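Mind docking chains B and C on chain A? Use the hints.
Chains as they are written, first to last, in this note's numbering: chain A, 1 to 245; chain B, 1 to 245; chain C, 1 to 245.
Keep in mind the hints are simulated off the structure, nothing from the lab. Accuracy of the hints is not assured; some may be wrong.
As the list claims (entries may be wrong) - Keeping only pairs whose Cα atoms sit at most 35 Å apart, straight-line, the calculated DSBU-like set for lysine-lysine is:
| # | chain 1 | residue 1 | chain 2 | residue 2 |
| --- | --- | --- | --- | --- |
| 1 | A | K157 | C | K131 |
| 2 | A | K157 | A | K26 |
| 3 | A | K53 | A | K135 |
| 4 | C | K100 | B | K100 |
| 5 | B | K100 | C | K131 |
Predicted model only: the values in this text are computed from it and were never measured.
Residues per chain, in single letters:
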Amino acid sequence: MLKAEIKAEILRDVVEIIQTIVDEVKFNFEEDGLSLKAVDPAHVAMVELSLKKEAFINYEAKDTELGIALNKIDQFLKLSSPSDNVTLEHVDDENRLVLKVNNITQKMPILDTAGMTDPSVPQLDLPINVKILGKHLQTGVKASQNIADHIAISVNKEGFEMFSEEDEDSVKLSISKEELEEIAASEDVRSLFALDYFSNMIKSVDSNKVVTVELGKDYPIKLQFDFADGNGQVMFLLAPRIESA
Amino acid sequence: MLKAEIKAEILRDVVEIIQTIVDEVKFNFEEDGLSLKAVDPAHVAMVELSLKKEAFINYEAKDTELGIALNKIDQFLKLSSPSDNVTLEHVDDENRLVLKVNNITQKMPILDTAGMTDPSVPQLDLPINVKILGKHLQTGVKASQNIADHIAISVNKEGFEMFSEEDEDSVKLSISKEELEEIAASEDVRSLFALDYFSNMIKSVDSNKVVTVELGKDYPIKLQFDFADGNGQVMFLLAPRIESA
Amino acid sequence: MLKAEIKAEILRDVVEIIQTIVDEVKFNFEEDGLSLKAVDPAHVAMVELSLKKEAFINYEAKDTELGIALNKIDQFLKLSSPSDNVTLEHVDDENRLVLKVNNITQKMPILDTAGMTDPSVPQLDLPINVKILGKHLQTGVKASQNIADHIAISVNKEGFEMFSEEDEDSVKLSISKEELEEIAASEDVRSLFALDYFSNMIKSVDSNKVVTVELGKDYPIKLQFDFADGNGQVMFLLAPRIESA
Numbered sequence: 001m002l003k004a005e006i007k008a009e010i011l012r013d014v015v016e017i018i019q020t021i022v023d024e025v026k027f028n029f030e031e032d033g034l035s036l037k038a039v040d041p042a043h044v045a046m047v048e049l050s051l052k053k054e055a056f057i058n059y060e061a062k063d064t065e066l067g068i069a070l071n072k073i074d075q076f077l078k079l080s081s082p083s084d085n086v087t088l089e090h091v092d093d094e095n096r097l098v099l100k101v102n103n104i105t106q107k108m109p110i111l112d113t114a115g116m117t118d119p120s121v122p123q124l125d126l127p128i129n130v131k132i133l134g135k136h137l138q139t140g141v142k143a144s145q146n147i148a149d150h151i152a153i154s155v156n157k158e159g160f161e162m163f164s165e166e167d168e169d170s171v172k173l174s175i176s177k178e179e180l181e182e183i184a185a186s187e188d189v190r191s192l193f194a195l196d197y198f199s200n201m202i203k204s205v206d207s208n209k210v211v212t213v214e215l216g217k218d219y220p221i222k223l224q225f226d227f228a229d230g231n232g233q234v235m236f237l238l239a240p241r242i243e244s245a
Numbered sequence: 001m002l003k004a005e006i007k008a009e010i011l012r013d014v015v016e017i018i019q020t021i022v023d024e025v026k027f028n029f030e031e032d033g034l035s036l037k038a039v040d041p042a043h044v045a046m047v048e049l050s051l052k053k054e055a056f057i058n059y060e061a062k063d064t065e066l067g068i069a070l071n072k073i074d075q076f077l078k079l080s081s082p083s084d085n086v087t088l089e090h091v092d093d094e095n096r097l098v099l100k101v102n103n104i105t106q107k108m109p110i111l112d113t114a115g116m117t118d119p120s121v122p123q124l125d126l127p128i129n130v131k132i133l134g135k136h137l138q139t140g141v142k143a144s145q146n147i148a149d150h151i152a153i154s155v156n157k158e159g160f161e162m163f164s165e166e167d168e169d170s171v172k173l174s175i176s177k178e179e180l181e182e183i184a185a186s187e188d189v190r191s192l193f194a195l196d197y198f199s200n201m202i203k204s205v206d207s208n209k210v211v212t213v214e215l216g217k218d219y220p221i222k223l224q225f226d227f228a229d230g231n232g233q234v235m236f237l238l239a240p241r242i243e244s245a
Numbered sequence: 001m002l003k004a005e006i007k008a009e010i011l012r013d014v015v016e017i018i019q020t021i022v023d024e025v026k027f028n029f030e031e032d033g034l035s036l037k038a039v040d041p042a043h044v045a046m047v048e049l050s051l052k053k054e055a056f057i058n059y060e061a062k063d064t065e066l067g068i069a070l071n072k073i074d075q076f077l078k079l080s081s082p083s084d085n086v087t088l089e090h091v092d093d094e095n096r097l098v099l100k101v102n103n104i105t106q107k108m109p110i111l112d113t114a115g116m117t118d119p120s121v122p123q124l125d126l127p128i129n130v131k132i133l134g135k136h137l138q139t140g141v142k143a144s145q146n147i148a149d150h151i152a153i154s155v156n157k158e159g160f161e162m163f164s165e166e167d168e169d170s171v172k173l174s175i176s177k178e179e180l181e182e183i184a185a186s187e188d189v190r191s192l193f194a195l196d197y198f199s200n201m202i203k204s205v206d207s208n209k210v211v212t213v214e215l216g217k218d219y220p221i222k223l224q225f226d227f228a229d230g231n232g233q234v235m236f237l238l239a240p241r242i243e244s245a
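Extracted from the complex, chain A is given alone in its bound form (with noise of 0.2 Å):
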C-alpha cells in the first residue's frame, strides 16, 4: 500500500539520479521511506539512493516494492511546475501505480521486478576520501569530453586533478587543496574511468553542492552527495577502466 503526496522537483531529481543507469528500477517503498537500487547493464556502475518520509508531504507506506519505467514518470512531471504537488497511489494487488496533479490523473503499468536485480553494495575501504563542489567535477568533465572517452582522476600532495589526454591533446583541470572543501589522503592514487558513466553521474549533481569523492588506485569510485534538504541520500559507485600500459 502506497498513499504519499510530494513536491515534483524532489520526485524529478529522484527519476534524474536513477536515469543515470538504468531505465527501469524497482521503488521500494517502506514506513520510514524510500530506497533505491539498480546497476547498469554492462555492470560498470551502480546507484544506491534513500529518501526518508520526512522529504514527503504525506506518506504512508507499507512494504510496496513497484517496477517502474522511469521515462513513464518523467514525461508525466513535464506536466507540472517543480512546486506543483504530485500524488502517487497504490493499492496492493493492483497492476497500475497513480498519479496526479493538477487536473490530471495518470495510471501507469507496474513492471514485473521478477528480473530487476537487487545489487549487493560493495564495502570498500578507499584511502583517499575528498569534499568538492559538484561544479569543479563539471568544468572537468566538460573539458574532457573534447579531448578523449577517458577521464583519469588523481588525488596527491597539490590537490584533486582530473587529466585527458588523446595523442597530442589533452587538458587537466587542477583543484588545489585550498579550493577543496576537505581532503583526507594517506597517499596518491591515480585512477581510470569511463568518461561518458562518470558524465552521466555528474550531470545529476546540483553544481554548488558538495560532492564526497572516495578513490583508492585502481579501485571503484564513490560519489556520494544528499538532495531534498538533506533527506534524500546518493551513492554512486563506478569501476575503474584498467590503463593500458
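Only chains B and C this time, still in chain A's reference frame:
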C-alpha cells in the same frame, strides 16, 4: 485591388492558424475584410477564418482572391518584430503580391486558385456547448501525447474531460464545472479524435483565451475563438474517429 | 617564443572571424602583435586579420608561426566566460601550444604549416565606399536566404541595396543615403555574390558596428571592420559571381 497595412503579429496569427490545416490557401479580400476557408488534404479537418477591416491599420480592397503559399508569408514575417507594420499590395492582373516591412520589400507569386476548393461549412446543431480556457486544452493534449495517438473528449455532469489510453497506460485531464467559463449540456457525450490534428489546432490558440467547444456523440468537434482584439474569428471543425469496440 | 594573456572574448572573436573562411590557419605572433591571413579552399573568399599587442593583457612574442585547428581553440573557449583571462604559451621547438583558463590547462598539437598558403592580398582600387551598420547587412542576408542562393549588392543615387530573386520570388533591402553612416560613390554599381559565403562573413560582424563596404562592378567586394576596442582589424574579400544573362 488590395492595399492594406496591418500589425505583423496579427498577420502572423492568421498564418499560424491556417497552417494547422493547409500549406496553400485562397485569401479573399473583400470590401469589409479578409476571409479564408480550407480543408486539409485528407478531409478530416476544416478551418474558417474572418478578419474585419477594423483589424487593419489601413484597408482598401475589392474582390481580390489571392492563392498564397503560407510558408512564404511566414518567412517574410520572421524579418519583422511583432509590433512592426506590414503592408500588403496587389494590383489587379498582376501575378505577384508585394509585402513590405521596414526597409524590406518582398514579392511572391500568386498561385492558381483553380485547384483550391471552396469548402462548404456544414451546419451542425450540437448538444454540448462549453467555454474553456485554451491552456486547459493544451495541457490535455500535452498529457495525451505521451500515451496514445487519439484522444477522447467528453462532457458529463462532473464537467469536461480529455482522456487517452493505450494498453495499461492512461491519462485523464478533468476540468470541473466550476473551472469552466460556461457549460450548456443537455446530455452526456464522448467522442474520439485523432490527436495530431487536434494538437495542431490547439497549438494556434492563445493559452489565456476562452475557446468555445461544441460537441455531439460521434459528431465533429467545433472549436471557436477570436483574435485581433475581437476583430478576428476562427472556427475549426474536426471529424471524429470511430471508436473500436 | 610566445607568452601572452588575453580576454577570452577577444580570442573568441578572432576564432569566429577566421572560421568563416578556414578550419586550420597559421597564427603569426610577431613582436608587435598577431596577424593571420587565409583563403578558403575554393579560393572564393579571403580574410586578413591583425591584432595589436595592445589588445592583450600581457604580450611577449618573437617570430612564432603556429598552425592551429580552430575548433580546438573554440572548444577550449567554451570552458571559459567572456571576461576570463586566457594565457597562451609556446616554447620554441615544442610541438604543442599550451592554453590556460581558470583551473584548466589544455595542450594542443602544432600543425605543419607547409601546406598552409600565405595568400597575397590583391590591391584593389574600388569606386564605391559605403559605411553601413552590421545589422543592415545581416537583415539583408536573412531576407535573401528564403529566396535564392545568390545576392546582388548595388549602390546608386538612392543608396545601398541588397537584392535576391529566383523565379517569381524576390526580396529587396533598401538602405537610403540618409540611413548610411557614409557614402562615396562615383558611379552606379551592382555585383552578384554567393549567398553562403557572404552570409558567413556577415555573421562574424557585431550588429551595431560600422562596416566599410567597397564595391566595383564585377570586382570582389571588400568588407572591413575593427574589433577589440579598435586594436583589431579585419578585412574580408569575396569574389563576384558572373550574372547569367
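Mind checking the alpha carbons of B:K100 and C:K131 for me, to see if they're no more than 35 Å apart?
Holds, at about 24 Å.
Would the pair A:K157 and A:K26 pass a check requiring their Cα atoms to be no farther apart than 35 Å?
violated (42 Å)
Satisfaction of hint between C:K131 and A:K157, Cα-Cα up to 35 Å
Outside the cut-off at roughly 59 Å; violated.
Tell me if the straight-line CA distance from A:K53 to A:K135 falls inside 35 Å.
Given that 35 Å is the threshold and the Cα spacing comes to 29 Å, the pair holds.
What's the verdict on C:K100 and B:K100, does the C-alpha distance respect the 35 Å limit or exceed it?
This hinted pair is violated, its Cα atoms lying about 50 Å apart.
Taken one by one, the earlier hints fail for this structure at numbers 1, 2 and 4, listed in ascending order.
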